[in-house]
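Protein chains: 2
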Amino acid sequence: MPSYGRGVTSQNAVGDLSPTERSTIRRGRARAVADRAVLHAILDAGLVCHLAVVVDGAPRVLPTGYGRDGDTLYLHGSTGARSLREAGQVCVAVTLLDGIVYARSAFDHSMNYRSAVVHGDAVAVTEPDAKLHALRVLTEHLAPGSWDYSRRPTPKELAATSVIALDLAEASVKLRDGGPGDEEADVAANAVWAGVLPITTSFGTPVPAADLRGEWDVPGHVSRR
Amino acid sequence: MPSYGRGVTSQNAVGDLSPTERSTIRRGRARAVADRAVLHAILDAGLVCHLAVVVDGAPRVLPTGYGRDGDTLYLHGSTGARSLREAGQVCVAVTLLDGIVYARSAFDHSMNYRSAVVHGDAVAVTEPDAKLHALRVLTEHLAPGSWDYSRRPTPKELAATSVIALDLAEASVKLRDGGPGDEEADVAANAVWAGVLPITTSFGTPVPAADLRGEWDVPGHVSRR
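Protein chains in written order, with UniProt numbering: chain F, 1 to 225; chain E, 1 to 225.
Same shape as in the complex, but just chain F (with noise of 0.2 Å):
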């Protein structure tokens, strides 16, 4: 079995997560991951992202679909109804949870996750070509293979999305990772068990549609997923 150690971990942005705020101050080894490739692998290994945006001064967030084409976030467009369109600036959050970290203490409790925040200003995409593409990586983000198995959209039914555009670069990576930041009283003590939980999603069974006719084989870019 793995085991985690204090000093072990390799990239480790604490603090939002944790239940309480000292061990971003006290651990001090919070620090922004720059590296690109972490950051796609994020928004790629997500599936929702939480949208926000200000109307009328006050914050709203919501969840929505996205997908990633190189540096540019598309997001279903529809989510914020007006508000989205009319906003411009957002911040868009996704946030993989890889376990509970079970400390000696209370205080030491936090989480294992990958959190990536993106700000900028969310740009309509109208031209249908464009559109279509964008619709194409969304599809292809929330159900591999789908976009060449299932119908294409018609023009009409492309008139009818709503997609903007985010540009990648204001982007910024946390994680955390390891074990328990335990005060050493409390590890020298060891009168508590500590570590980690992981936490894993995962897909299950396929449930074909009632609506299906005949006999199918469930296609194996769903089956295999």
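These are calculated hints, taken from the structure and not from any lab test.
Be a bit skeptical, because a hint or two may be false.
Since the list can't tell identical chains apart, any single copy or any two copies may satisfy a pair.
[To be verified] Listed below are the simulated EDC-like cross-link pairs for lysine to aspartate or glutamate, each with C-alpha atoms no more than 20 Å apart in a straight line: (1) K156 with E184; (2) K156 with D129; (3) K156 with E127; (4) K156 with E183.
Given the coordinates of chain F, assemble chain E onto it according to the supplied hints.
Here is chain E on its own, set in the frame of chain F:
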């Protein structure tokens, strides 16, 4: 194997997680689920929320831990740093993904999900007893059983902790379940497989901290999770 029918969904407020927006409009069955028990259940099932604030007129969203006590949501106040405590007005979203909806058309692909969004003014929890209570709620949400098992916060740790409270008065729930909502012509063509790929989140095998000394059994509140 269970199967979903197009018309059998019970509660279906579609839209935010669809790759396209038309499904919301066309289906016309979007509705907010007012049931408080559903709101509570979603909040209790999630582990991380996304907290949005406005900083200098711009939106900012960050993942953070939370916990619920009745109709009060406690959040880890260090998130958003100074901005949060200045902002007051916040918006918090908790989203649970339940499945990928594969439709006959790319356009009707969607996600099954449960989502709660809360608006309100965040209030700093400063009184020591109230803060201790909030920290208990936060800890027990993240790691049920840990409050009684692990070392409780010292006065110093408590003082170093920043917690905010948010009333659940202004909260809404959206969810989508069931199978794809394809066009009748696409269903009639019967040319494409359609259905739902369920998504599940689960806990793995606990990984003990490297600095645990001696032989340890994983405590029940961790191993049974």
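Enumerated hints in conflict with the structure, sorted upward: none
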